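Visitor: Sequence:
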Amino acid sequence: MTLNRMVKKGLNPVPFLFGFCFLFVVLDNAFALSLAQIDELAKSKEWQSLLRYERPLLGFWSKDSAIRDSDFFLSPTGKFDPVSELKATLVAFKKPFTKFKNPNQHALCRFPARYRWIKQRIDFPDRSSELKKCSDYQRWSHKGGVKSISIYFATGYFGNPASFFGHPLLKFNREGLDSNFVDTSLNYGAMTPVNENPIFYVLKGLFGGYTASFTRHDFFYHNHNYSETEMRDLWEYRLNLDPPEVQAVVDRTWELLGKSHPYYFLVDNCAYRIAELLEDVLQQPLFFRNRLYVIPIDIFDNLEKKVRRDGRPIVKEINVVPSRFTRLTEMFAKLDDQEKAIVQSVVDAESENPRGQLKERNPSSQARVVETLINYYSFRKLKDKDDVEVEAQRVQMIRERFSIKAKSGFQSMAFSKASAPHDSVNSFGLGLSQGYGDKMGSFQELTIRPALYDELNPTKARPANTSLEIFKTQARINDSKIQLRSMELFRVSTIDSSVVALPETRNLSWKMRLGLRSQTQACADCLVAFAEGGVGLSRPLWKGAHAFALVKAGLQNNRNDQGTVFLLPEVGVFSRILENWKLFAAFEYEKFVSGLQSEFPIWTVESRFGSSQWWDLRVKYQKRDDEQILATIWFYL
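Position 381, counted from 1, in the sequence shown is what the numbering used here calls 381; the numbers after and before it change by one each time, with no gaps.
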C-alpha cells in the first residue's frame, strides 16, 4: 500500500513504517528471507487462497479478502494486503506462548493451516508439538482423530426456495465410534432472520443482502433436520484423501469457522464455498468458472468423474442415508398385497391392534408389517408433533415389535444407488428443434436452459415429475427472421408422485412461472411479461403413471387488449412407459377475465426418448391458436 493510499484511508503511516522496518529486520535475521522472497510467497495462489482473496467465477485474485471479520487478519492491512499479512503471520508464529494468558489466542492455535503451509515452504522453526497447547483446536480436530472426509448432498427441498437446488455439507469421519451421528459436520449458509419474508429472502439472497459463514454441528443434527424433518435423502461421497490432505481440510475449516463471507444465492453460495475448500486440497477445479452460477449438483458430478493426478478416483465410496419418507416408501413397496391390506386396516382403524390380523402370517411377515407401521407413525409424528393419538399408536407398534423375534429383512434392504446425484443429467441444457405449424409453416428453435431439469428428464436424486428451470430462453427462426419467443426467469413445479396409499402421506402439487413469453403461438415480436401459479392434487394411476389436476391463475401485461388476468385450470398425466421413454399429456383452458376476455383450449403431448446424462430426443405436439409439432434434440453440458 502506498503512503498516499494510507493517508486517504485515514491511516497514520508512521507506525506502519516502523513496523515495516521491524518486520524486515526480524524476518531477515530469523528466517533469512529477502523482501523478494516474501513478496513471491505472498503472491502465490496458495497463500491468497488461505486468506480467501479469490473472487467467485472471475478467474483472478481480487485486491481484498472475502472474509469480513477483522480477527481473521494479523495485520491491520491484511484484508487487502497479502504481503503485510504474511509478514505479520511470520512474526506472530515466532512469539512464545508465555505472552498469552489464554494459549488459544496464539497465532499457531488460530491459524494451523497457515503454519503448516509456511513450514513446508521455508526453513521455519518446528513448533508442531506446541499445537497440543491449543485446547480449542484440539477439540475441533479430535486430537488428530479425523481419518477421512465426506461431502454430503441433501437432495432438493421444495419447501424453501434456497433449497431447490440441493445442499452440500462436510463431515469429519472418525474410526472406532459406535455411531457416525456424533461425527463433526460442517455447514455453510446465509445468516437470515427468523420468519424472513419470502420475497425479501429471494431478493436479498440474489443481490448480496446477507452474510454467510461456516457452522459446525454433530452429524445427527443435520441428519434430523434434512432426513427426518424435511424428508431429504442424504448422499455421502467419501473422499479418497491422504492423511496430510485430511489434516489440511480440518485446519482450513478451523480457521474459517464462524467467519463472515458475502452471500449471493446464485454465485457465492454454499456450493461455491465448500467446493473452494476441496479445490485447495485436491488442486483441481470442481465447478465451472465460466458460468454465472454455481450449482451443488455440478460439484458432485465433477468429484465422481475426475481422478487424482496419480490415477486414483477422488471418491472412494458412495452411500445414502434415506429420508424417513423414502424408507416408508421402500418398505411399503416391498410388502405383499395382504401385508399392505393389514397396514391399511390398522391405519384406518386408528386404535386397532394388528395382532389378530397378523397371527396367520409368518414371523418375518409380522415384523415387516409392524416396522412399516412404526415408520408410518414416526413420519406422521414428524409432521404433527402434538398429535397425541399418533404418538400412542407409534408407541404401541414399538411394543408390538419387541414381541416379534424374527427379522423383517428391512435391515439389509439396499436403497438403490442408481439414483445418485452424479447420475442426473448435466445442468446446462441446449435444445435444437425443427418444427412445423399450420399458420407458421416450417421453423427452427434454439432453447438454452442454464439450469437445471424438467419433468421429463430422468429422475435421479430428486422426486419424479418435478422441474426447476432457471433463465430458460427460446429463440425461433422463421422466414429468415430471428424472434425471441420466451425468457423465463424461473419455472418450478412438483407433481406429487407418492405411491404410499396411506393418510397424510400426500402433498399438494403446484407450479410457478415468471418471465416473458409470446402472446400467442403464431405471432411475431409479441412478448408479454407474465407470472402464473397454481396448486392441486395428483393420484397414481398405475406403476409409473400419475394423473394431476391444478387450479392456476396468472397476470400478464395487457398487449393488444387481450387481457391482464387469466385463469388456467390444467389436468394431465405423466407416464414412465420405459426407462428410456416418458410421456406427458395435458389439457389447459386459458380464459382471460379482462380485456377482450378471450379464451383458448390448449392441448399438449410430449415424449422424451433416451436417458443419457448428455442428450435425449423429444417430440412435442401443441395446439392453441396454432397446431404445431416439434422434434428436438437436447444436449446436456
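Think of the hints as simulated: they come from the structure by calculation, not from any bench.
Be careful, since some hints might not be right.
Stated by the list, open to error - DMTMM-like, lysine to aspartate or glutamate: derived pairs with alpha carbons at most 20 angstroms apart:
(1) Lys-591 with Glu-504
(2) Lys-132 with Asp-81
(3) Lys-340 with Asp-242
(4) Lys-306 with Glu-360
(5) Lys-119 with Asp-268
(6) Lys-623 with Glu-570
(7) Lys-316 with Asp-183
(8) Lys-407 with Glu-469
(9) Lys-95 with Asp-336
(10) Lys-591 with Asp-561
(11) Lys-543 with Asp-348
(12) Lys-620 with Glu-445
(13) Lys-620 with Glu-469
(14) Lys-143 with Asp-123
(15) Lys-95 with Glu-46
(16) Lys-305 with Glu-130
(17) Lys-334 with Asp-310
(18) Lys-143 with Asp-39
A quick note: this is a predicted structure, and the numbers were derived from the prediction, not measured.
Visitor: Confirm or reject each hint.
Guide: Here is what the structure says about each hint:
For the given pair, Lys-591 sits about 33 angstroms from Glu-504 by alpha-carbon distance, which is inconsistent with the 20 angstroms threshold. Between Lys-132 and Asp-81, the direct Cα distance comes to roughly 31 angstroms. Violation of the 20 angstroms bound is thereby established for this hinted pair. Among the hinted pairs, Lys-340 with Asp-242 is inconsistent with the structure: their alpha-carbon atoms are about 49 angstroms apart, more than 20 angstroms. With a C-alpha separation of about 54 angstroms, the suggested pairing of Lys-306 with Glu-360 is violated against the 20 angstroms cut-off.
The suggested pairing of Lys-119 with Asp-268 is violated, with an alpha-carbon distance near 31 angstroms, which exceeds 20 angstroms. For the given pair, Lys-623 sits about 14 angstroms from Glu-570 by alpha-carbon distance, which is consistent with the 20 angstroms threshold. With a CA separation close to 19 angstroms, the supplied pair Lys-316 and Asp-183 stays within the 20 angstroms bound. For a cut-off of 20 angstroms, the pair hint linking Lys-407 to Glu-469 is broken: about 44 angstroms separates their Cα positions.
Our distance criterion of 20 angstroms between C-alpha atoms is broken by Lys-95 and Asp-336, whose separation comes to about 71 angstroms. Taken as a hint, the Lys-591 and Asp-561 pair is honoured in the structure, with Cα atoms around 14 angstroms apart against an allowance of 20 angstroms. With a CA separation close to 24 angstroms, the supplied pair Lys-543 and Asp-348 exceeds the 20 angstroms bound. As the CA atoms of Lys-620 and Glu-445 are separated by approximately 13 angstroms, the hinted pair is consistent with the 20 angstroms bound.
For a cut-off of 20 angstroms, the pair hint linking Lys-620 to Glu-469 stands: about 18 angstroms separates their Cα positions. This hinted pair does not check out: Lys-143 and Asp-123 have alpha carbons roughly 26 angstroms apart, beyond 20 angstroms. A distance of roughly 24 angstroms separates the Cα atoms of Lys-95 and Glu-46; the hinted pair therefore is violated under the 20 angstroms criterion. Using a Cα cut-off of 20 angstroms, the hinted pair Lys-305 and Glu-130 is violated, with the two alpha carbons roughly 40 angstroms apart.
Of the pairs offered as hints, the one joining Lys-334 and Asp-310 is violated, with about 43 angstroms between alpha carbons and a cut-off of 20 angstroms exceeded. Between Lys-143 and Asp-39, the direct Cα distance comes to roughly 34 angstroms. Violation of the 20 angstroms bound is thereby established for this hinted pair.
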